[in-house]
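*Asks:* Residues per chain are reported as follows:
Number of protein chains: 2
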Amino acid sequence: MKKTANKPAKPRNALYAQSGGVSAVINASAAGVIETARKYPRQIGKVYAGRHGIVGALEEDLIDTSRESRATIRGLRYTPAGAFGSARYKLKGIDKNRAEYERLIEVFKAHDIGYFFYNGGNDSMDTAHKLSQIGESLGYPITCVGVPKTVDNDLPFTDCCPGFGSVAKYVAISTLEASLDVASMARTSTKVFVMEVMGRHAGWIAAAGGLAGRNASEPPHIILFPEIPFEQEKFLARVKQCVTDFGYCVIVVSEGTATADGKFLADAGTLDAFGHTQLGGVGPVIANMVKQAHGYKYHWAVADYLQRAARHIASKVDVEQAYAMGKAAVELAVQGRNSVMPTVVRKSSRPYKWTVGSVPLAKVANVEKKMPRDYITADGFGITSKCRLYLSPLIGGGDPPPYKDGLPAYVRIKGVSVKKKLPPFKA
Amino acid sequence: MKKTANKPAKPRNALYAQSGGVSAVINASAAGVIETARKYPRQIGKVYAGRHGIVGALEEDLIDTSRESRATIRGLRYTPAGAFGSARYKLKGIDKNRAEYERLIEVFKAHDIGYFFYNGGNDSMDTAHKLSQIGESLGYPITCVGVPKTVDNDLPFTDCCPGFGSVAKYVAISTLEASLDVASMARTSTKVFVMEVMGRHAGWIAAAGGLAGRNASEPPHIILFPEIPFEQEKFLARVKQCVTDFGYCVIVVSEGTATADGKFLADAGTLDAFGHTQLGGVGPVIANMVKQAHGYKYHWAVADYLQRAARHIASKVDVEQAYAMGKAAVELAVQGRNSVMPTVVRKSSRPYKWTVGSVPLAKVANVEKKMPRDYITADGFGITSKCRLYLSPLIGGGDPPPYKDGLPAYVRIKGVSVKKKLPPFKA
Chain A
5 MKKTANKPAK PRNALYAQSG GVSAVINASA AGVIETARKY PRQIGKVYAG RHGIVGALEE
65 DLIDTSRESR ATIRGLRYTP AGAFGSARYK LKGIDKNRAE YERLIEVFKA HDIGYFFYNG
125 GNDSMDTAHK LSQIGESLGY PITCVGVPKT VDNDLPFTDC CPGFGSVAKY VAISTLEASL
185 DVASMARTST KVFVMEVMGR HAGWIAAAGG LAGRNASEPP HIILFPEIPF EQEKFLARVK
245 QCVTDFGYCV IVVSEGTATA DGKFLADAGT LDAFGHTQLG GVGPVIANMV KQAHGYKYHW
305 AVADYLQRAA RHIASKVDVE QAYAMGKAAV ELAVQGRNSV MPTVVRKSSR PYKWTVGSVP
365 LAKVANVEKK MPRDYITADG FGITSKCRLY LSPLIGGGDP PPYKDGLPAY VRIKGVSVKK
425 KLPPFKA
Chain B
5 MKKTANKPAK PRNALYAQSG GVSAVINASA AGVIETARKY PRQIGKVYAG RHGIVGALEE
65 DLIDTSRESR ATIRGLRYTP AGAFGSARYK LKGIDKNRAE YERLIEVFKA HDIGYFFYNG
125 GNDSMDTAHK LSQIGESLGY PITCVGVPKT VDNDLPFTDC CPGFGSVAKY VAISTLEASL
185 DVASMARTST KVFVMEVMGR HAGWIAAAGG LAGRNASEPP HIILFPEIPF EQEKFLARVK
245 QCVTDFGYCV IVVSEGTATA DGKFLADAGT LDAFGHTQLG GVGPVIANMV KQAHGYKYHW
305 AVADYLQRAA RHIASKVDVE QAYAMGKAAV ELAVQGRNSV MPTVVRKSSR PYKWTVGSVP
365 LAKVANVEKK MPRDYITADG FGITSKCRLY LSPLIGGGDP PPYKDGLPAY VRIKGVSVKK
425 KLPPFKA
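In order, the protein sequence lines correspond to chains A and B. Under the numbering used here, the first residue of the first sequence is numbered 5, with each subsequent residue one higher. Under the numbering used here, the first residue of the second sequence is numbered 5, with each subsequent residue one higher.
Isolated chain A, as found in the complex:
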């Protein structure tokens, strides 16, 4: 039988890696990647996952996802955090650290990896973009496709970002519930409640707290955004007004709230691996400020990881979009699209309709999408109806995990290692 020119190329393996802070739905994207890749056996061989993301890729510490059962991969859809391990590890520029990029290409060659799916935020899209370039220049072309992930919702070109909808839902519900608590007690006890949420430079998560109230008289009464320079006197006056008018005051504060000179209210003084300031503790700072000015009894909460890991209350829309982004990434790759990232495209808000688009990684890399000014009320303390219209669909619906003995029955991977073929390399 004659071999034709149309005979499909031999399938090549794929590498999937999770990057940066994890979310309630990043594993749903992983499930989308793995389940979809299994549908293209002529193009994609095995899907390997970097153990702890890019660190595993550099150290040739790869997990063979083909050794995981279908039930486990399906279960990733309802399991929070990074099942394969994530990493805060930013590759430097190619000129500064060419060795790391070359090592990655070596690992790709050794394991016949033709596709790289990088599931992360701005930094990661930059890395994936650079990898696609250097692969080309080293004569080992690799199809690099980003899978968007960030609870901060600060990726550009996509209407929203998987991970955000669930943290938004968590923050909105927690604000609603805590506000009912404070309202119950305010007559004789706590007058001011401060809830600190994530969001280093963008106030999307803090804004979601605003969904708890339907109008200005309902809590939260004050939201502090990173986009709005903090003015202490104006803030303290508003707190007093709220306690006078409503008997209590609920404040949602973004960890990235800063004064006009750019100084974070809660600067712990330490830097993370990306050189960013490690934040935390603006909640108590704000609460103490109120106590000293007005003497009100206060309470404060810092949800920290709880907010981004809260798969039990994930948004159905978010889970679906996370899965769809993983699925679309694979579909783009097998269509030969390189150095792109799938996006969520909003068709309408009411009723909510969305579809999948894509954008070149070069455009996304290292760009942060902040809150538009017209999403924040003129006084800087609340969200506008335009913002509400944007946010509300993203927290729609529930997709609860299965439970056993009163706890979510999250899955754990076996994590079987791929046999190493290269000399060691220390990331």
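These are calculated hints, taken from the structure and not from any lab test. Errors might be hidden in some of the hints.
For chains that are exact copies, the list does not tell them apart, and a pair is met inside one copy or across any two.
Unchecked claim - Cut-off 25 Å, straight-line C-alpha distance, at most; resulting in silico cross-link-like pairs (DSS-like, lysine-lysine):
hint, residue 1, residue 2
1, K351, K408
2, K50, K367
3, K430, K301
4, K430, K244
5, K408, K320
6, K295, K267
7, K418, K367
8, K14, K408
9, K390, K374
10, K408, K430
11, K301, K96
Based on these hints, arrange chain B on the given structure of chain A.
*Replies:* Using the frame of chain A, we list chain B on its own:
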């Protein structure tokens, strides 16, 4: 037609009041009281609720629950916090402040209140007991029945206390989810995660965090209980061992954790209305301690009111018991039982079976039930299988509220006031 001696007495009104810190299910007890009272029209007339609990009772600020729709009262079953308002307001001893007790009896007389249902913890049971005594001595006998409520689970004579099961479920799930997050990131980022939970003198809530792991290698690796004096060196050595063995360390710390001399690790120095020290912030204290000793990157969370208001993830068992306690309180009252509190009686743990008992208020008043020593492991850092067997059924099942636009559709009362008949009184 001849009037018989058996003609039922004229029905008398009831007063229901919420007291102390609220919970995810205290309104379910309210629903139990109100719905059950409506089934005994020959004994009970209207159910009034104190606006902000005993403060409303003193100020004759009463809410007429008969003006609330059946749907609203039913909705209280799935609405967290205190719908009628609660209060941190402790009546002093009768000898010290007879005027307040006499005022209450005056209000009761003015509104023909024959039944008093007080929904609270140890302090409130003491108040209800004293009221039943003074009513007697003033010639206005009043049937006082307690309805147990405390997230701290520190009421004696009842197997558990409504409010606790739901906070336990929240803490167990949050610990599980945050631990998955930390495990994902530990290779290059956070090594130590500290979660602060409520529990001033009793470690029940902290213990519930232990349900997140099935054995000593699974997080949480360390639980700090108020019952176990904190030893810094022993603690820091254990943290280091965990990071060495597992790559990370998850710590659940009770707000009431103290050293052997009784000093709270996080003593804010302020007192609440009951003269108790206001706590908060032991999480960051512990995290900083670890950072200084070992240099590990840390994160910490303080769930604060979120944990006790989290009706979205309430335990079904807890909701049922909260309702049952309200219902039983009314049944005890119409049976003529005075100065008692219904209790949860455990029949078996596996399968979980419970029934309703009762105990005289005199026995309950001001007694705190702490964790038995054999519920805590020998090293003081974990829970035993005996503790697990006790806790596990209490977080069983879910009872999610209805949702609208992605948020729980909690009910709000109209809160129509009862017309005042007495001169003002300032609580």
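*Asks:* Each of the hints needs a verdict: does it hold here or not?
*Replies:* Status of the hints after comparison with the structure:
no.: 1; hint: K351 x K408; verdict: between (38 Å within a copy, 22 Å between copies)
no.: 2; hint: K50 x K367; verdict: neither (30 Å within a copy, 67 Å between copies)
no.: 3; hint: K430 x K301; verdict: between (52 Å within a copy, 21 Å between copies)
no.: 4; hint: K430 x K244; verdict: between (56 Å within a copy, 23 Å between copies)
no.: 5; hint: K408 x K320; verdict: both (21 Å within a copy, 13 Å between copies)
no.: 6; hint: K295 x K267; verdict: both (22 Å within a copy, 23 Å between copies)
no.: 7; hint: K418 x K367; verdict: neither (37 Å within a copy, 53 Å between copies)
no.: 8; hint: K14 x K408; verdict: neither (43 Å within a copy, 51 Å between copies)
no.: 9; hint: K390 x K374; verdict: within (15 Å within a copy, 51 Å between copies)
no.: 10; hint: K408 x K430; verdict: neither (40 Å within a copy, 51 Å between copies)
no.: 11; hint: K301 x K96; verdict: between (48 Å within a copy, 22 Å between copies)
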